[in-house]
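Trainee: Here is what each chain is made of, one letter per residue.
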Amino acid sequence: MGKLLQKPKSFYNEFFRSPSPDKLSTHYCPGCGHGVIHKYVAEAMDDFGIADNTIWISPVGCSVFGYYYFDCGHQQVPHGRAPAVATGVKRSHPEAIVISYQGDGDLAAIGGNNIIQAANRGENITVIFVNNSIYGMTGGQMAPTTLVGQTTTTSPYGRNPANEGYPMRMAELIAQLEAPVYVERVALNNAQNRNKTRKAIRKALKIQIDKKGFSLVEILSQCPSGWKVSPVDSLKWMEENQMPYFPLGVFKDVVEQRNPLETKPRIWDKDTIIKMLDLDRQVKEYAKPNPTKDIYEQPKIKVAGFGGQGILMLGVLLSEAAMLNGKQVTWIPSYGPEMRGGTANCQVVIRNNKVGNPSVDKPTILIAMNQPSLDRFEKDVIPGGLIVINETLVTSGVTRDDVDVLAHPFSDIADKQLGTVKVQNSLILGALIKHTNMLDQQAIFDALPAHIKKIDLIPLNKKAIELGFSLG
Amino acid sequence: MPEETELTYPRVEVDFDLCKGCGLCIVTCPVKCLEISPELNKKSYHPARYKGTGCTGCGLCFYTCPEPGAITVFPKDYKPEE
Numbered sequence: 000m001g002k003l004l005q006k007p008k009s010f011y012n013e014f015f016r017s018p019s020p021d022k023l024s025t026h027y028c029p030g031c032g033h034g035v036i037h038k039y040v041a042e043a044m045d046d047f048g049i050a051d052n053t054i055w056i057s058p059v060g061c062s063v064f065g066y067y068y069f070d071c072g073h074q075q076v077p078h079g080r081a082p083a084v085a086t087g088v089k090r091s092h093p094e095a096i097v098i099s100y101q102g103d104g105d106l107a108a109i110g111g112n113n114i115i116q117a118a119n120r121g122e123n124i125t126v127i128f129v130n131n132s133i134y135g136m137t138g139g140q141m142a143p144t145t146l147v148g149q150t151t152t153t154s155p156y157g158r159n160p161a162n163e164g165y166p167m168r169m170a171e172l173i174a175q176l177e178a179p180v181y182v183e184r185v186a187l188n189n190a191q192n193r194n195k196t197r198k199a200i201r202k203a204l205k206i207q208i209d210k211k212g213f214s215l216v217e218i219l220s221q222c223p224s225g226w227k228v229s230p231v232d233s234l235k236w237m238e239e240n241q242m243p244y245f246p247l248g249v250f251k252d253v254v255e256q257r258n259p260l261e262t263k264p265r266i267w268d269k270d271t272i273i274k275m276l277d278l279d280r281q282v283k284e285y286a287k288p289n290p291t292k293d294i295y296e297q298p299k300i301k302v303a304g305f306g307g308q309g310i311l312m313l314g315v316l317l318s319e320a321a322m323l324n325g326k327q328v329t330w331i332p333s334y335g336p337e338m339r340g341g342t343a344n345c346q347v348v349i350r351n352n353k354v355g356n357p358s359v360d361k362p363t364i365l366i367a368m369n370q371p372s373l374d375r376f377e378k379d380v381i382p383g384g385l386i387v388i389n390e391t392l393v394t395s396g397v398t399r400d401d402v403d404v405l406a407h408p409f410s411d412i413a414d415k416q417l418g419t420v421k422v423q424n425s426l427i428l429g430a431l432i433k434h435t436n437m438l439d440q441q442a443i444f445d446a447l448p449a450h451i452k453k454i455d456l457i458p459l460n461k462k463a464i465e466l467g468f469s470l471g
Numbered sequence: 000m001p002e003e004t005e006l007t008y009p010r011v012e013v014d015f016d017l018c019k020g021c022g023l024c025i026v027t028c029p030v031k032c033l034e035i036s037p038e039l040n041k042k043s044y045h046p047a048r049y050k051g052t053g054c055t056g057c058g059l060c061f062y063t064c065p066e067p068g069a070i071t072v073f074p075k076d077y078k079p080e081e
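Going down the list, the protein sequences come from chains V and C.
The first sequence maps to residues 0 to 471 in numbering that gives the first Met the number 0.
The second sequence maps to residues 0 to 81 in numbering that gives the first Met the number 0.
No lab work stands behind these hints: they were computed from the structure.
The reader is advised that the hints may include incorrect statements.
Derived lysine-lysine pairs resembling BS3-like cross-links, with alpha carbons at most 30 Å apart [claimed, not checked]:
no., chain 1, residue 1, chain 2, residue 2
1, V, Lys210, C, Lys31
2, V, Lys353, V, Lys378
3, V, Lys202, V, Lys2
4, C, Lys75, C, Lys50
5, C, Lys42, V, Lys235
6, C, Lys78, V, Lys198
7, C, Lys31, V, Lys2
8, V, Lys361, V, Lys287
9, V, Lys274, V, Lys202
10, C, Lys78, V, Lys210
11, C, Lys78, V, Lys22
12, C, Lys31, V, Lys227
13, C, Lys75, C, Lys31
14, V, Lys210, V, Lys8
15, C, Lys50, V, Lys195
16, C, Lys42, V, Lys8
17, V, Lys227, C, Lys75
18, C, Lys78, V, Lys235
19, C, Lys41, V, Lys22
20, V, Lys227, C, Lys78
21, C, Lys75, V, Lys202
22, V, Lys287, V, Lys251
23, V, Lys22, C, Lys42
24, V, Lys461, V, Lys283
25, C, Lys75, V, Lys195
26, V, Lys235, V, Lys274
27, V, Lys8, C, Lys41
28, C, Lys31, V, Lys8
29, V, Lys292, V, Lys453
30, C, Lys50, V, Lys361
31, C, Lys78, V, Lys8
32, V, Lys195, V, Lys251
A quick note: this is a predicted structure, and the numbers were derived from the prediction, not measured.
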């Protein structure tokens, strides 16, 4: 028996997700190319038997409602981001068939770099690029693919290359890249070209099934509403306007030369994940801290100085130690673009319960590692709070009399007694912990391995912290 | 629609209410066996319909129709299920 041509099975019988009372029709205008292309993809999904294994990435644009129609997995994405999301979906589900279905506004304008980078990475996905030379959904604005002279709501006098540039030939552009395997431009203007479109879609999907890599099929597709012509005339419009500028053909096909991509199996077993996330370390019991003042029970701390003084690391170590000690913490760094020499500060909030506000405008404790930091933040410290001063670089002293001060020439001490100024932050940390008793001292030592990347520096930092205890 | 006592195959069927009357199938049909219906459907389109004779089962109308379920093409040797 010949083939019965009917609604492909990869479509839902009823489009139950559609809010329209009519659950059988698409939302597309009469004569729209999207419906035709949908049918070809659904037919190919039927024939390859991949619907249950397909994840459809719906863009922003007329085809935003892909998830109404296809009986497969779905992800709807922000404008232009389909290739980026498809990348993530494919990499986390390497066995799935991922179809990024995009219009020309989506792919060529706002998502222009997304598609180029995904193509350049050679992601093993299939991109269906529907080019109708206009923004359809939003009411017919000019797209990057709008033709020279074409009138749209945003090019009412016709697209002028002197002002808006020339239409972008995306298939040619993508085909220039090394990684893509197959790039073809097809059209829906007549039966012969529609048949080529069907074949191109099938070929692109087969490439993905065979793990050969990235493929893109650009389809010149009619938008009777946007072009303001009847559906029948739209085919002629396409032939007269789109097709002379956008030549049909295969721009790249290296399927035969490419070997199937190797995909790494996913790691799902619990033990590996726990190990990767470092959740398997021994949980120690630490002593309940007994702070010297009530305000140190849940302090807000600002550490400030210039870059290179170990400001951020001091905050990180304090946060890590507090976490080990059963506290909830946040740590927010703030620094200039320079790695060394600029200003830097970080804000640490330590709470018994969840942290509501991670910013530290009124610190309980200010650690001022240089003069500008003290000048800038001294006034913010709460009355009764603590200011830790690095006397080597802070010469003015604290002017307020309603705060505690812990002052030592920490840089000098580190340099002379420990041999390097680099451990001044650990020295201050030790002094701070001793002075406030806000955490179990052992927790500080245990926090070091998680953040000090050079293991041989850990003993020196321990020594600095111990020396700091004597200064607290 | 013309009354038919016995269905012959190949044939094309257009769902009266799913068709949006775009007319693409009509211009595509190589034997011109489709036409616009004078009646309006519930979406107030004049849908396409089969003239009743002439379909060769080529399927070109099916592949030009944007609506997933509007057109069904039955091949020559189609055997309707009882």
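Trainee: Could you run down the list of hints and mark each one as holding or not?
Mentor: Structure-based check of all given hints:
1. V:Lys210 - C:Lys31: Violated, at about 43 Å.
2. V:Lys353 - V:Lys378: holds (27 Å)
3. V:Lys202 - V:Lys2: OK: Lys202 (chain V) and Lys2 (chain V) at ~20 Å, within 30 Å.
4. C:Lys75 - C:Lys50: holds (17 Å)
5. C:Lys42 - V:Lys235: Holds: Lys42 (chain C) and Lys235 (chain V) sit about 26 Å apart, inside 30 Å.
6. C:Lys78 - V:Lys198: holds (28 Å)
7. C:Lys31 - V:Lys2: With a Cα-Cα distance of about 21 Å, the restraint between Lys31 (chain C) and Lys2 (chain V) holds, given a limit of 30 Å.
8. V:Lys361 - V:Lys287: holds (26 Å)
9. V:Lys274 - V:Lys202: violated (42 Å)
10. C:Lys78 - V:Lys210: Violated - the C-alpha atoms of Lys210 (chain V) and Lys78 (chain C) are around 40 Å apart, more than 30 Å.
11. C:Lys78 - V:Lys22: holds (29 Å)
12. C:Lys31 - V:Lys227: This hinted pair holds, its Cα atoms lying about 26 Å apart.
13. C:Lys75 - C:Lys31: The given pair, whose Cα atoms are some 18 Å apart, holds under the 30 Å limit.
14. V:Lys210 - V:Lys8: Status holds; Cα separation ~25 Å.
15. C:Lys50 - V:Lys195: Holds, at about 29 Å.
16. C:Lys42 - V:Lys8: Holds, at roughly 25 Å.
17. V:Lys227 - C:Lys75: violated (39 Å)
18. C:Lys78 - V:Lys235: violated (38 Å)
19. C:Lys41 - V:Lys22: holds (14 Å)
20. V:Lys227 - C:Lys78: violated (43 Å)
21. C:Lys75 - V:Lys202: holds (29 Å)
22. V:Lys287 - V:Lys251: Given that 30 Å is the threshold and the Cα spacing comes to 67 Å, the pair is violated.
23. V:Lys22 - C:Lys42: holds (13 Å)
24. V:Lys461 - V:Lys283: holds (19 Å)
25. C:Lys75 - V:Lys195: Roughly 25 Å separates the two Cα atoms, so the pair holds.
26. V:Lys235 - V:Lys274: violated (62 Å)
27. V:Lys8 - C:Lys41: holds (25 Å)
28. C:Lys31 - V:Lys8: Answer holds: Lys31 (chain C) to Lys8 (chain V) is near 28 Å, not above 30 Å.
29. V:Lys292 - V:Lys453: violated (35 Å)
30. C:Lys50 - V:Lys361: Given pair Lys50 (chain C), Lys361 (chain V) is violated - Cα atoms ~83 Å apart, limit 30 Å.
31. C:Lys78 - V:Lys8: Cα-Cα ~20 Å, so holds.
32. V:Lys195 - V:Lys251: holds (16 Å)
Hint violations for this structure: numbers 1, 9, 10, 17, 18, 20, 22, 26, 29 and 30, all remaining hints satisfied.
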